[in-house]
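Residue numbers (my numbering), protein chains in the order written: chain S, 1 to 395; chain Y, 1001 to 1374.
These are calculated hints, taken from the structure and not from any lab test. Please note: incorrect hints may appear among the correct ones.
Unchecked claim - Taking lysine to aspartate or glutamate pairs in the EDC-like style, the calculated list, with each CA pair at most 16 Å apart, reads:
id, chain 1, residue 1, chain 2, residue 2
1, S, 257, S, 300
2, S, 147, S, 158
3, S, 78, S, 308
4, S, 78, Y, 1002
5, S, 115, S, 125
6, S, 169, S, 125
7, Y, 1173, Y, 1140
8, S, 307, Y, 1285
9, S, 387, Y, 1255
10, S, 257, S, 45
11, Y, 1108, Y, 1214
12, S, 307, Y, 1002
Unchecked claim - With the Cβ distance kept under 8 Å, some of the chain Y side facing chain S (calculated, not the full set):
id, residue
13, 1254
14, 1278
15, 1285
16, 1289
Note that this is a predicted model, so its numbers are computed, not measured. Glycine included, every Cβ here is placed at the ideal spot set by N, Cα and C.
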Amino acid sequence: MTELDDFRGETRAWLEENAPPSMRTPARTSEELCWGGTKVTYPKDVVRWLEVNVERGYTAPTWPKALGGGGLDRARAKILAEEMSALSLRPPLIGFGLSMIGPLLLQEGSEAHQKRHIPPIVRGEIRWCQGYSEPGAGSDLASLQTKAVRDGDAYVLEGSKIWTSYADKSDWMFILVRTRSDGRKQDGISFLLMDMATPGVTVKPIRLISGASPFCETFLAGARVPCENLVGEENRGWAIARALLAHERTMIGDIFKEQGDRERLVAAARAHVGEDGARIADPILRDRIAALEIEQTCLDLTLQRAKDAARAGHKPGHESSIFKLVGTELNQTRRDLMCSVLGLQSLGWEGDGYEADELKATRDWLRSRGNTIEGGTSEIQLDIIAKRVLALPGA
Amino acid sequence: MDLVLTEEQTLLQKAARDFVAARAPRSRLRKLHERGESFSRELYREMAALGWLGLVVPEAHGGAGLGARYLMVVLEELGKALAPEPVLSTALVAATALVHGANDAAAKEHLTAIASGERIFALAHDEAGGRFGLGAIDTDARAAGGTVTLRGEKVHVEGGAIADTLLVSARAKDGVALFVVPRDAKGVRVTPERRIDGRAAASIALDGVEVSSDARLGDPEKGQRLLERALDAGTIGLTAEMLGSMLGAFEMTLEYLKTREQFGVPIGSFQALQHRAARLFSELELARSAVLYAHGVLDGLDEGASVAAAASLAKAKCSDVAMRVAYETVQMHGGIGMTEEHDAGLYLKRARVAEMTYGDAAYHRDRFARLHGF
Chain S
1 MTELDDFRGE TRAWLEENAP PSMRTPARTS EELCWGGTKV TYPKDVVRWL EVNVERGYTA
61 PTWPKALGGG GLDRARAKIL AEEMSALSLR PPLIGFGLSM IGPLLLQEGS EAHQKRHIPP
121 IVRGEIRWCQ GYSEPGAGSD LASLQTKAVR DGDAYVLEGS KIWTSYADKS DWMFILVRTR
181 SDGRKQDGIS FLLMDMATPG VTVKPIRLIS GASPFCETFL AGARVPCENL VGEENRGWAI
241 ARALLAHERT MIGDIFKEQG DRERLVAAAR AHVGEDGARI ADPILRDRIA ALEIEQTCLD
301 LTLQRAKDAA RAGHKPGHES SIFKLVGTEL NQTRRDLMCS VLGLQSLGWE GDGYEADELK
361 ATRDWLRSRG NTIEGGTSEI QLDIIAKRVL ALPGA
Chain Y
1001 MDLVLTEEQT LLQKAARDFV AARAPRSRLR KLHERGESFS RELYREMAAL GWLGLVVPEA
1061 HGGAGLGARY LMVVLEELGK ALAPEPVLST ALVAATALVH GANDAAAKEH LTAIASGERI
1121 FALAHDEAGG RFGLGAIDTD ARAAGGTVTL RGEKVHVEGG AIADTLLVSA RAKDGVALFV
1181 VPRDAKGVRV TPERRIDGRA AASIALDGVE VSSDARLGDP EKGQRLLERA LDAGTIGLTA
1241 EMLGSMLGAF EMTLEYLKTR EQFGVPIGSF QALQHRAARL FSELELARSA VLYAHGVLDG
1301 LDEGASVAAA ASLAKAKCSD VAMRVAYETV QMHGGIGMTE EHDAGLYLKR ARVAEMTYGD
1361 AAYHRDRFAR LHGF
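I would like the entire structure built from these sequences, with the hints used as guidance.
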């Protein structure tokens, strides 16, 4: 037995002993997972599963032990992931802390930043949100106007952010602000870390066409953010923001997928349009479902290929834009197709005439229309591919 | 299964790229056609000398036994340059059928001849009544004593007009079977089909062709599976060639977008064209993943995965993307893309043939659904 075999055996035994049974079924949506933070109360099993993982640093298996991570090398981290997946275990913790600001601070942050912010992220104590878009700065993000003016040992923030995911449930925000107004607009942007409890910060959820409010407006009226919360250099925040966006786009290709999507669509088609032997009776619907599943498989394989390439030492590039582009459109196609399958049963808003799954399908369809807008519109992704990957000339 | 090329495969890719650039550039295709030739046997032998034809042939029979992922790399480069040499039909389709279905003596004889480039093979399967896939096989195989007599009409045989040896699907008393038939056997009548891509397809009549019962590949119960396996291997290999052709057409189009000027600027600076080019890029990335995956499944790198489902996945995707790339190639080139002298048309014509060969996108979507239980 090699050391890695020992590690695998030991890990499996530990997981089997410590994972609550309810955590051994895949979550259908990310809402059922633990995002951490102080503002949401999670079910007992979710909390317990988080705690046992925190103890070993397994919420962030590859991060340094000294900062609360697992300190695992790649080989061991892969084994841990494989064993988790073999038991169908849910990740103990997800969120922007683990996926975005944490990795960024480990790379670009000062030692003080790391010591202060990484451990609470790993332990799920602090939930982060991302303050990028503004009412006047959507696709043209670099034109953002929220001002940060130095006053003694702090920046004073004036302005507002919009489309902040889960700002109302988050404890801290990483935020882009304008620290200089002359020169190129990209050269006057700084990257700050802001406590949402800072006086002068208010949050207002935005109700979407689906009835849900996953996004907020965040108003900043004289909020004082200590100068030590600047990441990188003043006026050099744009490069950091861009690197994070590329990362977000890889993630987002995958984020809308729900466990059991294919089975649900096929089962609904059988139930609503009937069967012909073992097959969905309507050949046109069958073709549309097959086309969707083929496209989904191709995207999944492409995501895997990007990961395999990264492991082989290739740097991820602007190709990540295709994950955002394709992933969001696929999700829209899937939600639209589900409504086609349900027929008139997909027209309900609420009430007893509709099953819970039908109402969810309808809301999911409405919500999905935002997928090609949020996180950089499809048109922006196409621009990025055209200019940065294909090197087509500027207009 | 890793979805990246190994170091060895990357080296082979570079070697293939260099060879194709030096010996088989796209411009060669026009010269072949002008001379009324569909391929170059001399170049085919050079490919054999490079070891390409033996990549999936076991070492015991003169090959390298490396697998389909290696051949994929070569087929992609050939596809880029629209090289018409019958590598796919011989070195993958026939080799697969022989590796899985031939007895030791037959395997030795035929596989050695494949790896050495000595003999070209073609799978004679489609018949006028069928459409795609296994189709309806009416060709009759009647056994008597130690011989089998074949009677039937095959159509759309890829490489049929240049093959030295045919693998003929036929219906025997105990099921579907494949038979090895020399081109010059008595009763074999080959009628070349003139197709849009200029390749050497043919209709082949089998008029009481007598072969030894040893010519049969596989056991009675395995015949259908063997044929399906050969067709799936061909389908998968074809997607590698298609991917290469798509990339060739796309690169040519990108170059044009960057150099062709209208209104005083390169047309590639127009967002309407930029976004369409970006869409094609994204489709090509997805197609590449499916192609890489399907060849891995064919090599048995993912034990749980079905070769048939992987073939249908890759072919459904590639058939769609191939046509889209080809159409956009013509459209973005504008008028020049419609002319005989420009290569856009060569890519379009080959794309159309490849799109349908081994089944079009709709056929493979239906098959994919069936294989996944819906």
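Hint check against the structure, violated hint numbers in rising order: 10
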